[in-house]
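J.: Throw the hints in and build the complete structure from the sequences for me.
From first to last, the protein sequence lines are chains A and B.
Numbering-wise (my numbering), the first sequence opens with residue 1 and increments by one.
Numbering-wise (my numbering), the second sequence opens with residue 1001 and increments by one.
Hints were generated in silico from the structure; no laboratory data involved.
Possibly wrong hints are sitting among the right ones.
Subject to a maximum C-alpha distance of 30 Å in a straight line, what follows is the list of computed DSS-like cross-link-like pairs (lysine-lysine) [as the list claims (entries may be wrong)]:
id, chain 1, residue 1, chain 2, residue 2
1, B, K1088, A, K114
2, A, K15, B, K1088
3, A, K81, B, K1144
4, A, K81, B, K1126
5, B, K1126, A, K114
6, A, K245, B, K1088
7, B, K1093, A, K15
8, A, K150, B, K1197
9, A, K114, B, K1089
10, B, K1144, B, K1126
Every beta carbon over 10 Å from chain A, so not counted as near; a handful from chain B, in silico [unchecked claim]:
id, residue
11, A1037
12, A1056
13, A1064
14, L1082
15, N1086
16, L1187
Think of the CB as a built atom: it goes at the ideal place given N, C-alpha and C, for glycine as much as any other residue.
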Amino acid sequence: MKHSMKVNLQVWRQKNTQAQGNFENYSVETNPDMSFLEMFDVLNEQLIHDGKEPVAFDHDCREGICGMCSMVINGNPHGPKQAITTCQLHMRSFNDGDTIVVEPWRANAFPVIKDLSVNRSSFDRIIASGGFVSVNTGNAVDANNILIPKDIADEAFEAATCIGCGACVSACINASAMLFVGAKVTQLSLLPQGQSERQSRVVAMVNQMDAEGFGACTNTGACSAECPKGIPLSVISTLNREYTKAKLNGI
Amino acid sequence: MGVLSFLFSSSIGRKLVMAVTGVSLIAFLVVHCAINACVFFMDGGATFNAAAEFMAHNLFIRLAEVGLIGGLLIHIVQGLSLTLNNMKKRNNKYGSSPKRTNSTWYSRSMGLLGTILLLFLVMHLKDFWIVSRFDAQGGLTESKTLYHFMLEVFTNPVPVTLYVLGCISLAYHLLHGFQSAFQTFGLNHPILTPMIKTLGAAFSIIVPLVFASIPVVIHLGLIK
Ligand code: SF4
Ligand code: FES
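T.: Right, here's the structure in full:
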């Protein structure tokens, strides 16, 4: 197996939120075992060596759990593979000599901070608007005190695997955040611990989502298809149901 | 209004309105399609005219028609405003376009398909509905029934082509809209949801096919 490969990159460079960005061309010597982010590390070392500004990109865990590594690669958030994040993508998914276009998540609700790094604080504000979950304080309760049927626990867990990366928004033609909000609302409305604030939470989160400037969902399903965690579209129908019920109750 | 104002202000409320009006338009299509299919009785339009006559003069139907037009207008206005709003949510477009395997083209083009349908509808209402409802506009007579009128319109290949194109847009609009409405209602059931998807796909193909076949069959002179 050949252990070096060369790729041509077209990378979005943008100085700051206000600046006009543009694509710059680079070529990088890499190898098939490198992750996509490691390939970017090589590029940045090369740029620093040449006295140029390195490419700003977000990353943290590099193992698919933090949700930071936001890159749209050849038009697909997190690249061409299904159900993985950019940091879990390897150069062996590309061919020697390929041209790869890399750009940031694009949505008005996710302004570019610099290059490939976008501001996803709008997601944080949606989460914060959901508020608290009432729990008893005092002695630690026994773990099995609250019984949760296995199927409910599994469904809630599936929704809880959302890492808040924002790929759903970036893939959606409407830049809608409903898969993300649906995942959060589904998780808490399924579990006994989430019942007290169930209705006020969904209304507050949807209000915040709309206020942040995300678009309205038209059920295209692009979000779920591009989600690195495979969050199902059904969380959006749960969100619709929870929200409508709460509104009809006058919340 | 208080409790229901979310139907015109929040993103979920607004799509709920699209779904409710959409489903009532689907119900209307069933009736419309059944009446049109009467031309296939091959009885010189007798059954078709009788059905059309009934629809034009029955009080209940006329009242339902008012509701239908209201629903249609809301569907159009809300749909256009949602589409235009959604187009403002990404000012900087992507430089690279992926192979869009993540969603169907027609699910991403509901605004466009809807606009084509709106244009089609203007032509269609002008062609038939106005004559059948407002006698002053040329009107229908004993010797010139809606059926005759239809035979006349479809001798010309231009309307035939436009009607077929309109039906194709309808098919794709329904293909996404039918199942999407139930997703919006919050229905998510392991048995019902796949059933609705199958039913929706069958409906979206059969109904527009019946509609489209009529101008074609008339143009080819297969029914007289
Ligand atoms: S739903 Fe999926 S794509 Fe959206 S933020 Fe969560 S993990 Fe990312
Ligand atoms: S860097 Fe944490 S998910 Fe990719």
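J.: A cut-off of 10 Å on Cβ-Cβ distance, and B/A1064 was said to be off the interface with chain A. Does that hold?
T.: At roughly 25 Å from the nearest Cβ of chain A, B/A1064 sits farther out than 10 Å, so the non-interface label holds.
J.: Run the distance test for B/K1126 versus A/K114: straight-line Cα separation, threshold 30 Å.
T.: violated (55 Å)
J.: With d taken as the least Cβ-Cβ distance between B/N1086 and chain A, does d exceed 10 Å?
T.: violated (4 Å)
J.: Straight-line Cα separation of A/K150 and B/K1197 no greater than 30 Å?
T.: At roughly 28 Å apart (the allowed maximum being 30 Å), B/K1197 and A/K150 satisfy the hint.
J.: Given the hint that B/K1144 pairs with B/K1126, test it: the Cα-Cα distance must not exceed 30 Å.
T.: holds (17 Å)
J.: Would B/A1056 pass as off the interface with chain A, using Cβ distances and a cut of 10 Å?
T.: holds (36 Å)
J.: B/A1037: least C-beta distance to chain A exceeds 10 Å?
T.: holds (30 Å)
J.: Run the C-beta distances from B/L1082 to all of chain A and say if the shortest one exceeds 10 Å.
T.: violated (6 Å)
J.: For A/K245 and B/K1088, compute the direct alpha-carbon distance and say whether it is at most 30 Å.
T.: Holds. A/K245 to B/K1088 sits at ~29 Å (cutoff 30 Å).
J.: Assess, step by step, whether the Cα of A/K114 is no farther than 30 Å from the Cα of B/K1089, and give holds or violated.
T.: Given pair A/K114, B/K1089 holds - Cα atoms ~20 Å apart, limit 30 Å.
J.: Would B/L1187 pass as off the interface with chain A, using Cβ distances and a cut of 10 Å?
T.: violated (6 Å)
J.: For the pair we were handed, A/K15 and B/K1088, check the Cα-Cα distance against 30 Å.
T.: holds (23 Å)
Figure legend: structure checked against the earlier numbered hints; hints not met, in rising order: 3, 4, 5, 14, 15 and 16.
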